[in-house]
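Given chain A, put chain B in place with the hints provided.
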Amino acid sequence: EVQLVESGGGLVKPGGSLRLSCAASGFTFSNGWMNWVRQAPGKGLEWVGRIKSKADGETIDYAAPVKGRFTISRDDSKHMVYLQMNSLKIEDTAVYYCGVGAELDYWGQGTLVIVSS
Amino acid sequence: VLLTQSPLSLPVTLGQPASISCRSSQGLVYGDGDTYLNWFQQRPGQSPRRLIYKVSNRDSGVPDRFSGSGSGTDFTLKISRVEAEDVGVYYCMQNTRIQNPRWPPYTFGQGTKLEIK
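Each protein sequence line maps, in turn, to chains A and B.
Just so it is clear: in the first sequence, position 102 is 104 by this note's numbering, and no numbers are missing.
Just so it is clear: in the second sequence, position 105 is 1057 by this note's numbering, and no numbers are missing.
None of these hints come from the bench; they were simulated from the model.
Treat the hints with care, as some may be off.
What the hints assert, rightly or not - Quick partial rundown of chain B residues pointing at chain A, CB under 7 angstroms, derived from the structure:
1. N990
2. Y1005
3. F1018
4. A1036
5. F1060
6. Q1062
To be verified - Computed cross-link-like contacts, BS3-like style, restricted to lysine-lysine with a CA-CA straight-line distance of at most 25 angstroms:
7. K54(A) <-> K15(A)
8. K45(A) <-> K15(A)
9. K54(A) <-> K69(A)
10. K69(A) <-> K15(A)
11. K45(A) <-> K1069(B)
12. K45(A) <-> K69(A)
13. K1065(B) <-> K45(A)
14. K45(A) <-> K1030(B)
15. K54(A) <-> K1006(B)
16. K1030(B) <-> K1065(B)
As the list claims (entries may be wrong) - Just a sample of chain B residues kept apart from chain A, beta carbon distances all over 12 angstroms, derived:
17. Q957
18. T965
19. S973
20. R975
21. Q978
22. D1016
23. S1023
24. D1026
25. R1033
26. E1035
27. E1037
28. V1041
29. P1057
30. G1063
31. L1066
Even for Gly, the Cβ is constructed at its ideal location relative to N, Cα and C.
Pulled out of the complex, with its shape left as it was, chain A reads as follows (with noise of 0.2 angstroms):
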């Protein structure tokens, strides 16, 4: 059975930084691409970013909004993958979900950040 935990969220001011991390099981890790999506408290699902595995390059892509203040890695010995967030803002606050697959097959449960001063 596919698993997905995430952890670290929490309340972070404005400007600050947090790591969000993404405990796998029930796959071959190494071979998923690894995506992070988001959720606004009351709104829809914005893709944030996504690792590829290291037989396609380990590519990494993301979303406008986040691009330059976050990075995603990952570390296949450990099956964990990780989104840094620095420069929080206001409007980073959300649900962040961790999922599995070129087409999100997996989801997991999520953490939430707030961002407030």
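For chain B alone, coordinates are given in the frame of chain A:
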């Protein structure tokens, strides 16, 4: 690339059919001939779950009352007989599968909220 869903709110009587439209601002057929249009369900308080991938393929465990169809720029998710557990928000998502820094690989529709009348 924009995805426009309609309606945004869908009150349905139990046991009746429901239909959600998703229209893309441009065609989604990729070079391999496939169309990467997926549907997700988000029940209240839960993370999203994929129901349909590549227009019409049901994911494992998805009841057969759910079906997807469409081509080109117009796609539809249908529920043949709505049940109480179908309450939630439904999103279409397209994967452009094109490596282009000018637009994100994934775009979501705004979401359609299905409720029981």
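query: Taking 25 angstroms as the top limit, are the C-alpha atoms of K69(A) and K15(A) close enough?
result: holds (19 angstroms)
message: Between the alpha carbons of K45(A) and K1030(B), is the straight-line distance 25 angstroms or under?
response: Holds. K45(A) to K1030(B) sits at ~23 angstroms (cutoff 25 angstroms).
- request: Measuring Cβ to Cβ, find out whether L1066(B) lies farther than 12 angstroms from everything in chain A.
  value: The claim stands: L1066(B) keeps its Cβ more than 12 angstroms from every Cβ of chain A (closest is about 14 angstroms).
- request: Would you assess whether T965(B), listed as outside the interface, keeps its beta-carbon beyond 12 angstroms of every beta-carbon in chain A?
  value: holds (26 angstroms)
query: Given the hint that K1065(B) pairs with K45(A), does the C-alpha gap stay at or below 25 angstroms?
result: holds (11 angstroms)
message: Hint F1060(B) vs chain A: min CB-CB distance below 7 angstroms?
response: holds (4 angstroms)
message: If we take the beta carbon of G1063(B), is the closest beta carbon in chain A still more than 12 angstroms away?
response: The assertion about G1063(B) is violated, with a minimum of 5 angstroms to chain A.
- request: Answer holds if the nearest beta-carbon of chain A is closer than 7 angstroms to that of Q1062(B); otherwise answer violated.
  value: With a closest approach of 5 angstroms, the Q1062(B) hint holds.
task: Quickly compare the C-alpha distance for K1030(B) and K1065(B) to 25 angstroms and report which way the hint goes.
output: Roughly 14 angstroms separates the two Cα atoms, so the pair holds.
- request: Could you check that no beta carbon of chain A comes within 12 angstroms of the beta carbon of E1035(B)?
  value: holds (22 angstroms)
query: Does the claim that D1026(B) lies off the interface hold, with its Cβ farther than 12 angstroms from every Cβ of chain A?
result: D1026(B) is indeed farther than 12 angstroms from all Cβ atoms of chain A, at 20 angstroms.
Nearest-CB test (12 angstroms) between chain A and R1033(B): The assertion about R1033(B) holds, with a minimum of 26 angstroms to chain A.
The structure shown violates the earlier hints numbered 3, 4, 7, 17, 28, 29 and 30.
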